[in-house]
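The opening residue of the sequence shown carries number 1 in the UniProt record's numbering; numbering runs sequentially from there.
Each hint should be verified, as a subset may be incorrect.
EDC-like mimics (lysine to aspartate or glutamate), calculated; alpha carbons at most 20 Å apart, straight line [what the hints assert, rightly or not]: (1) K760 with E642; (2) K760 with E528; (3) K760 with D726; (4) K760 with D623; (5) K760 with E731; (6) K760 with D617.
If you're looking for bench data, these hints aren't it; they were derived computationally from the structure.
All of these numbers come straight from a predicted model, not from anything done at the bench.
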Amino acid sequence: MSRSVAVTDDMGAEQTYLDGLYERLDQLRAQADGRLREILLESGGTPQGRSQRDAVRSHYTEQLAQMNAVENALCFGRLDFAAQSPRYIGRIGLFAEDRDRDPLLIDWRAPAARPFYLATAVSPDGVTRRRHLRTRGRELLGIDDEVLDLAAANGDGREDLTGEAALLSALTANRTGRMRDIVETIQAEQDEVIRSVLPGVLVVQGGPGTGKTAVALHRAAYLLYTYRQQLTRQGVLILGPNPTFLRYISQVLPSLAETGVLLATLGDMFPGVRARGAEPSPSAALKGEPAMLPVLAAAVADWQTVPHDHVEVDHDGYPLRIDRAVCEDARAAARRSGRPHNIARAHFVTEVVHALSVQIAERIGADPLGGENLLSEADLAETRRELREDADVQAALFEMWPLLTPRRVLRELLTDPDRLASAGASLTAAQREMLLRPAGSPWTPADVPLLDELAELLGEDDTLRRRSAQRQRQQAVEYAEGVLEIVEGSRSLDFEDEEEEILSAVDVVDASAFAERYADVDTRSTAERAAADRTWTFGHVIVDEAQELSPLAWRMLMRRVPSRSMTVVGDVAQTSDLAGTTTWDQVFEPYVAQRWRLTELTVNYRTPAEVMAVAADVLAAIDPGLQPPRSVRSAGEMPWAEPVAPGALAGAVVSAVRREAGAVGDGRLGVLVPEALEDEIGESLTAAIPQVAVGEQPDLRHRVVVMTVRQAKGLEFDTVIVAEPDRIIGESPRGLSDLYVAITRATRRLGILHSADLPKQLSAVLPA
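My request is simple: use the sequences and hints to build the entire structure.
Structure (structure tokens):
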């Protein structure tokens, strides 16, 4: 094994080297800032020139953001070799002005940095010593060395786990309400996941505290570094369980020098909709089931109506009759086209307009002597054009086959009992009742996959948009023509008799090219453009808490990544949502069959052994075949349970929080409660204690946070107090999974308050 020793003799030399790295960083930052200022002062030019300028501007803006983000802990490690120069490892790579020299700092993602995470005394990979540098800002606070060449160490130091000193320092530090990166302490099994190849679906299964989220975020940074050109163009999506979680992880990627990733929740995945509404779990689960697909298809079909007998329209003072049979034939033709509703509408309109043109031809083009119709094909074409533009005809056709939006169809489906009864004939009456909601209800996350499915069924008729764009372009060309005429008219007449030809603007550019030169250029980032475009396809998608996604949510997500390049992290033992999964085969069989890779994280870095001993009993009750991850540390604090008199729970929580807040110091304390008690306990704590956060999107930087288990997914606290565990179990058919999640959020201390009997799965918890 390696020997880890604390070193102070080299502090001065290492501080000097750090100073040199920061001096180089400041120099590069000043250069990027100066170049950016120059570009911002430039204007005009051709579309190509402006596009290139915007690309350069984005490049320097991103560079500055990266250099600002890595200011803290720029360099955190050093590798010493028997036959090579030392390598310093940090958040980004830095080179001296003379790039022929060895790099000053190696990016942690580069292959040359990998021994920092993998080298051991058994397999040192040429490394004799691994040094961890502990810094605050630009100041070196300490050094920890791991001597991998034990013969060279002369037996000095203490045998220990590889990297334990730096790892335990990070693990035992107080929480801050924001996730920290683990770039300094990545372990071997985590490194294997982070550096796995890009293509295909990689599933990372791991129990509580195994660092699934951190690994996924570091994998995003690694992939962007390794496949920069491809992923910068297509973008990377990270899908998290809720907005609180996204705020919790928001600083990790910037600290790893990556600022262009789109962070989103399921409720953000339909442009123009922020789905934050709440609804009962059973209705959300039903919306996520494949049983909703025929309901949505029927809901769209129900808008494609025909008259009971006929409809009369007035065209230029002549009545025209649209018979039911004509409409039925037109509808059948449109449906046979296989096109989405809004696109297929053109087929429907064409068929009906043709039938109306035949009526007109028979009326005004009939030969009085009984011969052929007197209207030519050109006459008929003009008649059809006039019919298409006739307001009465348009209104009648729109009534029978309207242009629809996903929001309108879903809103009316879920609020109109008659529409739901018609489209939902395949559902039971109880299921339809479960889906109905009052008009004006907010969108919920479970609605978003339905909106996305409807968008596929409806399609988008962009005829009007294309016509509008064409009109705008024509107006721009006409304006450019006017400008060029002014330029030409203002030429001096003194040159008329000159033999030498003097070129003017009109000689080198026409109005169309002139207008194109000043067309708008889209300067949005890849993430911004992806967020606004429902049809955007990503180069890679990372899904956290993936076990919670419903089948229709997966169906929507797969549309965003047709390459099936995904990293999926989760734990099937922690599935809480009724529409979630308990097996990865169930998720991926419809999309990639068995062509997906599974890796497991088995070491628990977050949850102390004392807490995991309690969690193991809950896990066994969920599935006896599941094994809890192995904890690497003990907190020295035994979980406790305290009975509470009925009706005294809120006061008991306040007392426990006061007591535990003193024990946790500057750390964070989470109070996890049943949904039915969130308001009551939150109000009591808010009234009694300062710095308490509660609500749908609580601020995790508060010292005390009150939340439901569903909100706490993926989060961690120094101390966790679980209130009424029996009610947490009873609130959901997967209540044991919720309890397992709740007790494994603690990094140091766990307490349980209960007015009912303690669930048998928690019998190992000692009385307070």
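A quick look at each hint next to the structure:
For a cut-off of 20 Å, the pair hint linking K760 to E642 stands: about 15 Å separates their Cα positions. With a CA separation close to 50 Å, the supplied pair K760 and E528 exceeds the 20 Å bound. The straight-line distance between the Cα atoms of K760 and D726 is roughly 10 Å, inside the 20 Å bound, and the hint therefore holds. A threshold of 20 Å between alpha carbons decides the hint, and for K760 with D623 the separation of about 15 Å falls inside it, so the pair holds.
Of the pairs offered as hints, the one joining K760 and E731 holds, with about 17 Å between alpha carbons and a cut-off of 20 Å not exceeded. Proposed proximity of K760 and D617 is supported: the alpha carbons are some 9 Å apart, at most 20 Å.
Consistency note: the structure conflicts with earlier hint 2 alone.
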